[in-house]
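S.K.: Here is how the chains run, residue by residue.
Protein chains: 2
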Amino acid sequence: MKNRLPIDAKTGFDVNDDFERFAQRNEIYCRSEWDPEIASDAARKFFDGHYMPHARARKADGFGQRDYALRNASWHVTNVLRDLRRADDDRKEGFFDTFSCHAEGWDEPYPFDSPESGTANLRRAAESIGVGLMGVCEYDERWVYESRFSEKTKQDKPVDIPDDLPNVIVIGEPMDIGLTATVPSALSGSATGIGYTHDTVVLLTLSQYIRNLGYRAVASMNDSALAIPLAAQAGLGEIGRHSLLITKEYGPRLRLGKIFTDMPLLIDEPSNFGVRKFCEICQRCSSACPPKAIPASAPSRTPHSVSNLKGILKWTTIAEKCFRFWASQNSDCSICIRVCPYNRDFSRWHNRVWRRLAATPLRKFMLQIDVFFNKRGRMSSRNWWRS
Amino acid sequence: MKNRLPIDAKTGFDVNDDFERFAQRNEIYCRSEWDPEIASDAARKFFDGHYMPHARARKADGFGQRDYALRNASWHVTNVLRDLRRADDDRKEGFFDTFSCHAEGWDEPYPFDSPESGTANLRRAAESIGVGLMGVCEYDERWVYESRFSEKTKQDKPVDIPDDLPNVIVIGEPMDIGLTATVPSALSGSATGIGYTHDTVVLLTLSQYIRNLGYRAVASMNDSALAIPLAAQAGLGEIGRHSLLITKEYGPRLRLGKIFTDMPLLIDEPSNFGVRKFCEICQRCSSACPPKAIPASAPSRTPHSVSNLKGILKWTTIAEKCFRFWASQNSDCSICIRVCPYNRDFSRWHNRVWRRLAATPLRKFMLQIDVFFNKRGRMSSRNWWRS
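Chains as they are written, first to last, in this note's numbering: chain A, -17 to 369; chain B, -17 to 369.
Don't read these hints as lab results, they were simulated from the structure.
Don't be surprised by glycine CBs; every beta carbon is placed ideally from N, CA and C.
Worth double-checking, as some hints may not be accurate.
As the list claims (entries may be wrong) - Pulled a few chain B residues facing chain A out of the computed Cβ check, cut under 7 Å:
id : residue
1  : Met34
2  : Pro35
3  : Arg48
4  : Asn54
5  : Ile351
6  : Phe354
7  : Phe355
Please model the complete structure; the sequences and the hints are all you need to start from.
M.R.: In structure tokens form, the structure reads like this:
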């Protein structure tokens, strides 16, 4: 494996000799299952709380029974499809393992005239299925996990993505802007759950379409590979200070998925609309993060812990602080999404103008405008229900 | 069971003493499994064709491999969720049986102040989940199947909807207007498949939400009860000449689902926006139907066959002719949807004006305008892929 690739010049990734592929066991959710530093009663209760009998609703705004009821329901279809082979085959699909519930496809590849025509076809199909954003990059081993985590044995197991699938389709499904405004709340987790459910359905449908065309397609959500660098390489957006992808269409408000395939496709160019330079001067996420998990400092090569990538110059969050806050709240948190100046409704022209100007030397002024006009405070969940 | 109910004055249903509840075995798809009049090689191939190895793609526009590839992929998630207990328990969920893959809910009902407040809450949740249309009617035994069909034994089995669930939530999920324009084609069946997939996901999520609130909820799609009269009673729309529901929002272009529940809810009023009177003078669907399955005549009490409801004055299609055409095309048909004057994009103001005027004595003129300006011809599938 080469640590540096020509595409890095376009994404701005600065990878050096220390770089090592990420082992899934070091992901913070996996660590909560094996690492005494992370595993705790609160962490266990946080996960259990996604099932109604263990939800621990309380009187606080956004943490009542109807809030947990919607949050847990929003995950339901994702959970059913995730768990199809969980008990029998130790597969937690979409999270630890790729999806496997495909029907038999076709045995001869559909003869597209060119990758252009195949790509146009795929985009049309994706649009009709309801895919939010789609981009394509080349397979890049650097972002594929070195190993998977087995929920059953708590040990590593191999990543079984075939290495002869040259293309990666990356998709992004938007999260509800209104629900995200109520964070921190159990209610706001519904934006996450609905996003995952939509992501799961779209990934299964689109990968089945590719198989039906006669190509190979392996659908993957949070499992198997780091979605964010792949998304950046596929032109979906840039990486912000909060380590999340920021897209032109939905800002940081989306869930990602990917499909590894041998369908011949045009490769997209990484996009640059000024996020990196903007995040250099903006500290709204780092200031707003209650556990101070997002550093206000410049990008660095030093990982905070095994949960961070090694050997790459980047903004890096402190996963332990982040996750402990989730566990203490008994709900996932996305305050960094709520307060991000790119968390806007870009279907409105004035927000598109803001985005354009935020990519120019006026960026400092655009940040001031955002701070002045967008308090980005927490919306009361009661108000969300009433609205 | 009373044959006549006060609500009939509002829906225009004219039910008489001959009325009998419908037995699912007489539904045309079920008959293709047991009735020699309907079962045929073509019918079997039509169903098998929803799986890629049996798709029988041909050169004709709209029936190529990519068309079947998308059509079959669009059904995939529906199929997976439908078949969870098919082999073991003879359950074909969403089609012959209700959905059963619920997680445990809450054991105490959420104390809403009033049915108004519960309804507002449910509507807010439904909107965030992505429900297209929603209405509520009282449980009405007349439209519940007398018996279910067992795929395994080809015999009747009991309908196990508890009879102490007083409310029925009816939802409608829109079908893609562009895909519907390509009918007849295998491609157009993608609108059906995507509609069902969305319907399935939304039904499972919304009914889980109700269970999480502490109420009972049984989610049902094509199984267990006639969705169209329930939808009319719940105020979603009126029934057209083609026997399909016509809604203000999407015309006839939608899939229906329902949830039987004891959650206290406001009951909606049936809606009337002039469809019945318009259909009396319009014969676009009956003229365009290739097998002449839609009569041009006035509503009648005489069923054409066991596949029609008995003892109710209505427009009734000839299910045998309709289904044989499907089988002969190796694809479902919705020409009656494509050519319906209410098949419009009502997000556009001029279509809303048309709808308003079609409910007045100007209806004949509005029909002429529709015939003159909207050829409603078949869109070439090649053009759909290119668009």
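S.K.: Was the hint right that Ile351/B lines chain A, CB cutoff 7 Å?
M.R.: Constraint on Ile351/B not satisfied, violated at 30 Å.
S.K.: Does Pro35/B meet its interface restraint, that is, does its C-beta lie within less than 7 Å of any C-beta in chain A?
M.R.: holds (6 Å)
S.K.: How about Phe355/B: closest beta carbon in chain A under 7 Å, or not?
M.R.: violated (26 Å)
S.K.: Please verify that hint: Met34/B, Cβ, nearest Cβ of chain A, below 7 Å or not.
M.R.: holds (5 Å)
S.K.: A closest beta-carbon separation below 7 Å is what the hint needs, so does Asn54/B meet it against chain A?
M.R.: holds (6 Å)
S.K.: How about Phe354/B: closest beta carbon in chain A under 7 Å, or not?
M.R.: violated (30 Å)
S.K.: Given Arg48/B as an interface hint, is its Cβ closer than 7 Å to any Cβ of chain A?
M.R.: Result: holds, 6 Å to nearest chain A Cβ.
Going through the hint list in order, the structure does not satisfy hints 5, 6, 7.
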